[in-house]
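Participant: Here is what each chain is made of, one letter per residue.
Protein chains: 2
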Amino acid sequence: MDYVQTLRSSGFKVTPQRLRVIEYIMSRTPGHFRAEDVYSEVHRIEPTITMATVYNILRTLQKSSILKSFELKGATWFETNTGSHANFMCDVCGEITDLEIEQHSIIKSASDAGYNVTDSNYILRGVCPKCRDSQ
Amino acid sequence: MDYVQTLRSSGFKVTPQRLRVIEYIMSRTPGHFRAEDVYSEVHRIEPTITMATVYNILRTLQKSSILKSFELKGATWFETNTGSHANFMCDVCGEITDLEIEQHSIIKSASDAGYNVTDSNYILRGVCPKCRDSQ
DNA sequence: AAAACATTGAGACCAAATATCAATAAAACA
DNA sequence: TGTTTTATTGATATTTGGTCTCAATGTTTT
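Listed in order, the protein sequences are those of chains A and B. Quick note, the first sequence lines up with residues 34 to 168 if you use my numbering. Quick note, the second sequence lines up with residues 34 to 168 if you use my numbering.
Check the hints yourself; a few may be wrong.
When chains are identical, the list treats them as one kind, so a pair holds in a single copy or across two.
Unchecked claim - As a list, the in silico DSSO-like pairs of lysine-lysine whose alpha-carbon atoms are at most 27 Å apart:
no. : residue 1 : residue 2
1   : Lys106    : Lys141
2   : Lys163    : Lys46
3   : Lys163    : Lys141
4   : Lys141    : Lys101
5   : Lys163    : Lys96
I should point out that these hints are in silico values taken from the structure, not numbers from a laboratory. Please read all numbers here as calculations on a predicted model, not as lab measurements.
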């Protein structure tokens, strides 16, 4: 997947800051990150970048369907995995794991009921196997 | 369901403030509300109550399994429906609707994979039938 | 190379939620 | 019922995540 091409063909301009963020998210694929995570890493390479710009860029990447997001623990988490999966957050170590799922029938029945579903997130919490075993 | 009894048997004290919040959530069942919504209504009856207390009480009610919560649009939403369902938020009118679902098989397969799931939320966004029709 | 237009950076700003802690109230029990 | 124990509340300050504004800058088109 060429994110730069996707960005351009979505009608957005390719700026150095956007390239740095794309490099960051590629280095974190698959994975989950917050605006703060992007900022602190990209800021080392591009010291003038601000949080506001990071937020702008992440929103742009969502509009280009390069990223997806969900809210958890008071923050917005981003991911490049736009496919059908659940996000599991471990309440012990805080790590987020993708759990693959088949497309849930709820989306189909919601559509049948007249709901036009444009975004869906399945979020689980609990204790991951690693933390359960180390107790 | 007697929320007061549940609260007491969970080891929490029954205070006037907690009673007012319980009255509020009962008047909003089924439904979805934020801390701010609880505050502005309860504050009319119990003018000394503060947001901090409302947050405390809502957390207590979650610990007693009277409420469940999820995060959406930068806020935490609470609901008394603790059963298996999805929450659909309409991006036009902002209303949140419960969509009943059968317990998703992901929880079973997550358990099989060693994940101990203590909380799950299925969140959908899009356009509701009402808003779709009025366009 | 210049014009047209989108994007960025800086900092003020806003809203949601948490932390602190003395005063108060509920429940247990003498 | 009065007293003790212990949880809870209210007031305020603070933290955190995120948005707004707008002049300066950078990208793309011609």
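Participant: Each hint: holds or not?
Facilitator: Now the hints, each set against the structure:
no.: 1; hint: Lys106 - Lys141; result: between (29 Å within a copy, 24 Å between copies)
no.: 2; hint: Lys163 - Lys46; result: neither (43 Å within a copy, 36 Å between copies)
no.: 3; hint: Lys163 - Lys141; result: between (35 Å within a copy, 18 Å between copies)
no.: 4; hint: Lys141 - Lys101; result: both (20 Å within a copy, 25 Å between copies)
no.: 5; hint: Lys163 - Lys96; result: between (35 Å within a copy, 25 Å between copies)
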